[in-house]
Amino acid sequence: MMAQHNRCEDVELYVLGGLEQEDRLAFEAHLASCVHCKKEVDELMPLLDTLPLAVQQVDPPEGMKDRVMARVFDNSKPELGTVAKRRIQEAEEPPSRDGEPAPTRFRWLTGGLVAMIAGLAVFSGAMVSEVRKMDDQNAQLNAQVADLKQQLAISAPTDATGPLQVENVVSLDAGTADIVARGLATIVIDSAGTHLIIQAEQLPALQNEEAFQVWLLKDGQPASAGTFLTHDGTGALYHTIAAAESEYDTIAITLEPDAQGNEPRGPIVLSAPLTSA
Amino acid sequence: MQDPAGDERLMRRIAGRDNEALEALYDRYERPVYSFVFRMVKDPMAAEEVVQELFMRIWHSAERVHTGGSQGKVSTWMFAVARNLAIDWLRKKGRRPQETQEEAAWERVADGVSTEQAVERRMLGEEMQQAIGDLNEDQQQVLNWIYFLGYTQQEVASRENIPLGTVKSRVRLALKQLRKRFDHGRKEGAWQ
Ligand SMILES: [Zn+2]
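Keeping their order, the protein sequence lines are chains G and A.
Our numbering applies: residue 1 is where the first sequence begins, and numbers increase by one.
Our numbering applies: residue 1 is where the second sequence begins, and numbers increase by one.
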């Protein structure tokens with residue numbers, strides 16, 4: 001290393017939320033073993049409880065509470081909320097007023113995801129960059145994947161020869177009762193191969209060298225799909241599956257003592273069966 | 001913030017699917033959370049969307065939210081989530097709020113908040129506003145860009161053409177000064 005990054009100097013930016021994902025992850029890894037920074041974070045935390053109050057107080061719009069509460073209590077499934085439902089309705093409707101044919105919308109959505117996957121593929125060597133990209137696009141991706149899945153389900157063979165196909169979207173369930181994490185695994189196929197996108201949240205905090213590791217299993221035999229760290233319990237991973245190894249039946253995320261393992265050593269945090277689409 | 005234990009109790013009830021508890025939490029935080037988000041997105045519709053999404057998340061993940069001790073308080077978590085959602089919205093829109101819209105004509109100062117909690121909160125907020133006002137201009141700017149507008153250190157550096165190290169040191173000095181001010185306040189019981 002030419003210039004050693006003094007992570008202790010990032011503590012204020014970390015607390016304030018001003019670090020890029022890459023630096024944030026690096027800082028969190030550092031934080032796990034730096035007593036000084038832990039103390040600093042603890043001492044800075046109370047500021048964050050008062051900073052948001054230092055803004056001009058404004059009246060919320062009329063009737064906001066009723067609208068918010070109605071929407072919250074109406075939507076038991078936030079992952080496939082109103083936006084996805086609306087898309088289904090739109091897709092079932094005849095071409096829109098301005099004569100735009102229905103498939104256009106579908107291609108547009110597909111294009112967005114293709115662009116994102118292509119963007120990720122460029123960085124396939126640098127995991128950290130991918131994780132950062134994933135983080136930025138997480139919310140967007142969630143919505144897009146949900147929409148896309150719905151679109152595929154209803155307009156099935158329309159775009160079968162297209163450049164990209166969402167093979168499978170599975171939600172990952174907690175391995176044991178005391179784990180509250182949840183996640184989403186999306187398998188996408190394009191001309192470059194089969195891609196696995198993992199997003200998880202509410203993961204347990206990592207200590208020291210610990211890392212989360214993603215495994216693809218076939219008949220109980222695990223193959224590593226990479227490791228990731230988390231920020232505030234949220235993490236993401238992108239992995240390209242070689243053509244020859246695409247017949248997996250299970251996906252699992254374990255909490256590992258470090259990121260160096262070739263086989264699972266820690267407990268399963270999240271897992272799901274992979275049924276073929 | 002003012003009643004962390006009460007917030008904790010509400011969160012536990014929300015985890016047990018208690019509608020009234022969610023409404024109670026909403027009533028406690030509607031105005032400060034909305035004001036904070038509005039400060040970031042500068043758009044009443046967008047601010048409402050963010051508040052909507054925040055309470056959606058609270059409702060659906062209350063049982064997974066671990067607060068207390070070093071995890072911070074419920075309110076800290078709520079504001080952090082609200083800030084992230086606001087930043088998501090800003091990035092998705094590909095636009096940044098205009099500083100000059102800050103004093104929009106239709107923006108009214110909140111009135112009639114009379115609960116003890118609201119009064120205390122307003123007092124703390126004003127104290128913090130004053131503390132920020134006492135920072136030098138450079139420090140105020142980086143605090144605003146990073147915390148309230150959601151820019152990262154790199155974005156501030158390239159957008160404002162300031163060396164990374166300078167951004168970092170301004171943030172450090174700003175927080176150091178705010179902390180000094182509030183550590184002092186805490187001893188006098190004005191903090192928490
Ligand atoms: Zn340190």
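These are computed hints drawn from the structure, not numbers from a lab.
Hints should not be assumed to be uniformly reliable.
[Unchecked claim] With a straight-line cut-off of 25 Å between C-alpha atoms, the simulated BS3-like cross-links for lysine-lysine are:
hint: 1; chain 1: A; residue 1: K168; chain 2: G; residue 2: K39
hint: 2; chain 1: A; residue 1: K92; chain 2: G; residue 2: K38
hint: 3; chain 1: A; residue 1: K176; chain 2: G; residue 2: K39
hint: 4; chain 1: A; residue 1: K93; chain 2: G; residue 2: K38
hint: 5; chain 1: A; residue 1: K180; chain 2: A; residue 2: K168
hint: 6; chain 1: G; residue 1: K39; chain 2: A; residue 2: K180
hint: 7; chain 1: A; residue 1: K180; chain 2: G; residue 2: K38
[Claimed, not checked] A few chain G residues that face chain A, going by a derived Cβ cut-off under 10 Å, partial list only:
hint: 8; residue: D23
hint: 9; residue: E28
hint: 10; residue: E43
hint: 11; residue: L47
hint: 12; residue: A54
hint: 13; residue: P60
hint: 14; residue: V72
hint: 15; residue: V169
hint: 16; residue: V170
hint: 17; residue: D173
hint: 18; residue: A181
hint: 19; residue: R182
hint: 20; residue: D249
hint: 21; residue: I268
hint: 22; residue: L274
[Stated by the list, open to error] A few chain G residues facing chain A, derived, Cβ under 10 Å:
hint: 23; residue: V15
hint: 24; residue: S33
hint: 25; residue: F73
hint: 26; residue: E201
hint: 27; residue: L206
hint: 28; residue: D232
Being a predicted model, the structure only gives us computed values, none of them experimental.
By construction, the Cβ of each residue, glycine as well, lies at the ideal position given by its N, Cα and C atoms.
Comparing the hints with the structure gives:
1. Our distance criterion of 25 Å between C-alpha atoms is met by A/K168 and G/K39, whose separation comes to about 19 Å.
2. A threshold of 25 Å between alpha carbons decides the hint, and for A/K92 with G/K38 the separation of about 33 Å lies outside it, so the pair is violated.
3. A distance of roughly 14 Å separates the Cα atoms of A/K176 and G/K39; the hinted pair therefore holds under the 25 Å criterion.
4. A threshold of 25 Å between alpha carbons decides the hint, and for A/K93 with G/K38 the separation of about 35 Å lies outside it, so the pair is violated.
5. In summary, the hint linking A/K180 to A/K168 is supported, as the alpha carbons are separated by about 18 Å, within the 25 Å threshold.
6. For the hint pairing G/K39 with A/K180, the CA-to-CA distance comes to about 15 Å; that is within 25 Å, so the pair holds.
7. Of the supplied pair hints, the one linking A/K180 and G/K38 holds, its CA atoms being roughly 18 Å apart against a limit of 25 Å.
8. Contact between G/D23 and chain A, as hinted, is supported at the beta carbon level, the nearest pair being about 8 Å apart and thus within 10 Å.
9. A least Cβ separation of about 14 Å between G/E28 and chain A goes past the 10 Å threshold, and the interface hint is therefore violated.
10. Because the smallest distance between the Cβ of G/E43 and any Cβ of chain A comes to about 7 Å, under 10 Å, the interface hint for this residue holds.
11. At its closest, the beta carbon of G/L47 sits 6 Å from a beta carbon of chain A; the interface hint therefore holds under the 10 Å criterion.
12. The closest approach between the C-beta of G/A54 and any C-beta of chain A is roughly 4 Å, which is under the 10 Å cut-off, so the hint is satisfied.
13. Taking 10 Å as the C-beta contact cut-off toward chain A, the hint placing G/P60 at the interface holds, the least distance being around 4 Å.
14. Because the smallest distance between the Cβ of G/V72 and any Cβ of chain A comes to about 5 Å, under 10 Å, the interface hint for this residue holds.
15. For the restraint placing G/V169 at the interface with chain A, the shortest Cβ-Cβ distance is roughly 18 Å, beyond the 10 Å limit, so the hint is violated.
16. Checking G/V170 against chain A: minimum C-beta separation of about 19 Å lies over 10 Å; hint violated.
17. Interface hint status for G/D173: violated, as the beta-carbon distance to the closest one in chain A is roughly 13 Å, over 10 Å.
18. Taken as an interface hint, G/A181 checks out: its beta carbon lies about 8 Å from the nearest beta carbon of chain A, inside 10 Å.
19. For G/R182, the shortest C-beta to C-beta distance to chain A is roughly 8 Å, which falls under 10 Å, so the interface hint holds.
20. Because the closest C-beta pair between G/D249 and chain A is about 28 Å apart, greater than 10 Å, the hint is violated.
21. Residue-level restraint check for G/I268 is violated (minimum Cβ-Cβ distance to chain A is 17 Å; threshold 10 Å).
22. Hint status for G/L274 relative to chain A: violated, with the closest Cβ pair at about 24 Å, above 10 Å.
23. Checking G/V15 against chain A by beta carbon gives a least distance of about 7 Å; that is within 10 Å, so the hint holds.
24. Using the Cβ-Cβ criterion of 10 Å, the hint placing G/S33 at the interface with chain A is not satisfied: the shortest such distance is roughly 16 Å.
25. Evaluation of the G/F73 hint against chain A yields a held restraint, the C-beta minimum of about 6 Å falling below 10 Å.
26. Interface hint status for G/E201: upheld, as the beta-carbon distance to the closest one in chain A is roughly 8 Å, under 10 Å.
27. Annotation: G/L206 was flagged as interfacial toward chain A, and the flag is violated, the nearest CB pair being 14 Å apart, outside 10 Å.
28. The restraint placing G/D232 at the interface with chain A holds, with a minimum CB-CB distance near 8 Å, inside the 10 Å limit.
In terms of the numbered hints stated before, the structure departs from hints 2, 4, 9, 15, 16, 17, 20, 21, 22, 24 and 27, listed from lowest to highest.
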